Amino acid sequence: MAEVLAVIIDGVIYSSWLFITALGLTLVYGVMKILNMAHGSLYALGAYAAASLGGRWLAAGHAPWGSYAVLLLAALTVGLVAGPAIERGILRLMYGREEIVLVLATYALFLILEDVIKLIWGVDPYFFSEPYGLLGSVELGGLSYPLYNVALLFVSVVTGGLLAWSLGRTRRGKMLLAIIHDREMSAALGMNVRRVYLITFTLGATLAAIGGALTSPTVAVAPGIGVEVVVLAFAVVVIGGLGSFAGAALGALIVGMVRSCAVHYLPQVELFSIYVAMALVLIARPKGLFSGLEPRRI
Amino acid sequence: MKAGVSLKKGIRRARSRSWIGGMAAGVIALAAGAQTPAKVEAKPVKIGLVTFLSGPAAGPFGVPARNGAELLAEAINGGKLPAPYATPGLGGAPIALVFIDEAGGPTRQVSEYRDLVQRQNVDLVIGYISSGDCLAIAPVAEELKKLTILFDCGTPRIFEDAAHKYVFRTDAHAAMDSVAAALYVVENKPNLKKVAGINQNYAWGQDSWNDFEASLKTLKPSVQVATSQMPTLGAGQYGAEISALLSSTADVIHSSLWGGDLEAFVLQAAPRGLFKKSTVVLTAGEPAMFKLAKQIPDGTIIGARGSHGVFAPDNELNRWFRRAYEDRYSIPPSYATYHMAQALLGLKAAYEKAQGGSRNPPTAEQIIASLEGLSFDSPSGTVKMALGKGHQAIEGTAYGTFKLQNGQPVLTNIKRYAAEAVNPPEGVKTADWIKSSLKRPGS
Chain A
1 MAEVLAVIID
11 GVIYSSWLFI
21 TALGLTLVYG
31 VMKILNMAHG
41 SLYALGAYAA
51 ASLGGRWLAA
61 GHAPWGSYAV
71 LLLAALTVGL
81 VAGPAIERGI
91 LRLMYGREEI
101 VLVLATYALF
111 LILEDVIKLI
121 WGVDPYFFSE
131 PYGLLGSVEL
141 GGLSYPLYNV
151 ALLFVSVVTG
161 GLLAWSLGRT
171 RRGKMLLAII
181 HDREMSAALG
191 MNVRRVYLIT
201 FTLGATLAAI
211 GGALTSPTVA
221 VAPGIGVEVV
231 VLAFAVVVIG
241 GLGSFAGAAL
251 GALIVGMVRS
261 CAVHYLPQVE
271 LFSIYVAMAL
281 VLIARPKGLF
291 SGLEPRRI
Chain B
1 MKAGVSLKKG
11 IRRARSRSWI
21 GGMAAGVIAL
31 AAGAQTPAKV
41 EAKPVKIGLV
51 TFLSGPAAGP
61 FGVPARNGAE
71 LLAEAINGGK
81 LPAPYATPGL
91 GGAPIALVFI
101 DEAGGPTRQV
111 SEYRDLVQRQ
121 NVDLVIGYIS
131 SGDCLAIAPV
141 AEELKKLTIL
151 FDCGTPRIFE
161 DAAHKYVFRT
171 DAHAAMDSVA
181 AALYVVENKP
191 NLKKVAGINQ
201 NYAWGQDSWN
211 DFEASLKTLK
221 PSVQVATSQM
231 PTLGAGQYGA
241 EISALLSSTA
251 DVIHSSLWGG
261 DLEAFVLQAA
271 PRGLFKKSTV
281 VLTAGEPAMF
291 KLAKQIPDGT
301 IIGARGSHGV
311 FAPDNELNRW
321 FRRAYEDRYS
331 IPPSYATYHM
341 AQALLGLKAA
351 YEKAQGGSRN
361 PPTAEQIIAS
371 LEGLSFDSPS
381 GTVKMALGKG
391 HQAIEGTAYG
401 TFKLQNGQPV
411 LTNIKRYAAE
421 AVNPPEGVKT
431 ADWIKSSLKR
441 PGS
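Heads up: the sequence lines are chains A and B, in that order. Residues 1 to 298 (this note's numbering) make up the first sequence, in order. Residues 1 to 443 (this note's numbering) make up the second sequence, in order.
Simulated from the structure, these hints should not be mistaken for laboratory data. Small disclaimer: the values here were computed from a predicted structure and weren't measured. Incorrect hints may have been included.
Here are the in silico distance ranges between beta carbons for each label pair [said to hold, decoys possible]: (1) B:Gly79 x A:Gly89: 24 to 34 Å; (2) A:Ala284 x B:Lys403: 37 to 47 Å; (3) B:Pro190 x A:Val269: 34 to 44 Å; (4) A:Leu72 x B:Lys429: 54 to 64 Å.
Glycine included, C-beta positions come from ideal geometry on N, C-alpha and C.
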């Protein structure tokens, strides 16, 4: 019984981390039809900014509790600077082209940003582990879990909830849904599609940076941390159906639970368990669990 | 008289010629001195040097190895090393390094290797941290007949599954790390009943765990394995693995995690009390013990893949090496740096032995013949090319127990193991040796 509880808790914690990192990817795809390969780099930029700003904050002798605000501030700064810069500077010039061109452009951007990160921060790892232990731990089923993980779960539920609410209940959200459904028609009805694109990409970049910033206290922030993440986030988004928020939540939960089961019961298959789950879902539903019917355009 | 005048003229001409010649030689020497040390005049030995300059392995291993190579090449060219390497260059010839990034996987490395050999015409190649890259490069080196020294990769399969003429490895293979870890654990944990492991799911992690498990089964057959966790390389998040390890209630947890994976594991496992519940053995933990001194709990067992870093002997060569490296890079050299030193010093020893006292550059065949079975000094002690028909090194190793003393990380209870006690003899495969002949020292 204790082991089943551990499997569920570990699965939910991992899912919440995955959901935060995958949300921006699915948002950008849903609205802009861009599979943003640079998502991992924005995640890495968030982690680096958080680790270096947080390190300075603590080195200056400020209150450790403030480091949570620093994490958020770092992520917002990265998102609000890099998001508009990439959208206005690169993506804007390629709208209307085939999806693959944009995939290649964002892949190129990913490679460039990986080197930019090395130019700024070097190759040595950065550590900013204080926020991880600051909240203390909780005993669940005989195992100790840092409360930071519970906070991560809270953040992912709140972020997902806020996004779902603002899409379904607010005027701007409904406009966004209309653009996701039919961009040309929305533009014809007078919606400022370009502005929506700018806001969406900035939001997606900020979500990626928040994912990186929140992960930074638990890892060594070193070159390449965004690579594994973008692969996992992609698996989550594909399982759920590209562009679907509910799908991303369910995809994250499936991946988290499958991985947790594998680690606890059959560790040798952990390596490919996630991808087996992904393959099974795609056999049953080739466009993911939450893919809607595509209207035929005339 | 006439003869006398002509003689004087001749002397004057000769003097002026020698004066002009002297000036010219001086200018050339000065010009050369601006770029390479003036002591060395022979044609440079061009070495292709392959190490991770990007990706997750660059920070902990690749860049420290490159730094070590640059430092040593300059010191060798300038004749600044202590004995027995005090003569400048490789028998008078300066070293010229061509760096290549090891990132990108074995397929890319094979094409980079071909480019180094066939287009850039290097005299030899030193490189490779990843076992996968070493396994891919070795047959290509044989095909192209190019002397290649593997400096850091761990898999024993290179020389146990094939014989090579042009390929050498100047550091011990990975079995030593796990065998010595098992010896240390058995010696220091007399009540050991249950072990668990967390190792990356690729050649290095799998081999490390298999060798550790097999060594324990031979040394103490009653030991049970609770769980063997095999996370993906670069996984980063280890919550579920840590839960499984905590639930396993193992006395000892073995881990060959390295770099960012090791650091993330320590950061996530220590707050959850894993290191208090079980004794954790980090076979590649030495580079992390300085960076994470405050996070690694006391009692953790640390290794350095040989007598490197904090385990290195107090000899003239090591004192010089540490001081020069710290002066230049402001951090102590890690074990990858020591492995690089072994490759370059092994080459220098073999090159000069092949010259046999002359200043003529030896052929590749002569260098190969000298390096086969050679014993040479390194900052980590004596390295013996004892396995794989003289192509694979063995060296001693050590383990210690971590303690934070007055805010400084130190190792206590250091145990040293002779090369022959933790490496199989020539002609015997590691797995067979562990099963049949591994013994506790003194038993």
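Now for the hints, and whether the structure bears them out:
1. B:Gly79 x A:Gly89: 24 to 34 Å: violated, 53 Å
2. A:Ala284 x B:Lys403: 37 to 47 Å: violated, 55 Å
3. B:Pro190 x A:Val269: 34 to 44 Å: Hint holds: Cβ distance 35 Å, inside 34 to 44 Å.
4. A:Leu72 x B:Lys429: 54 to 64 Å: holds, 55 Å
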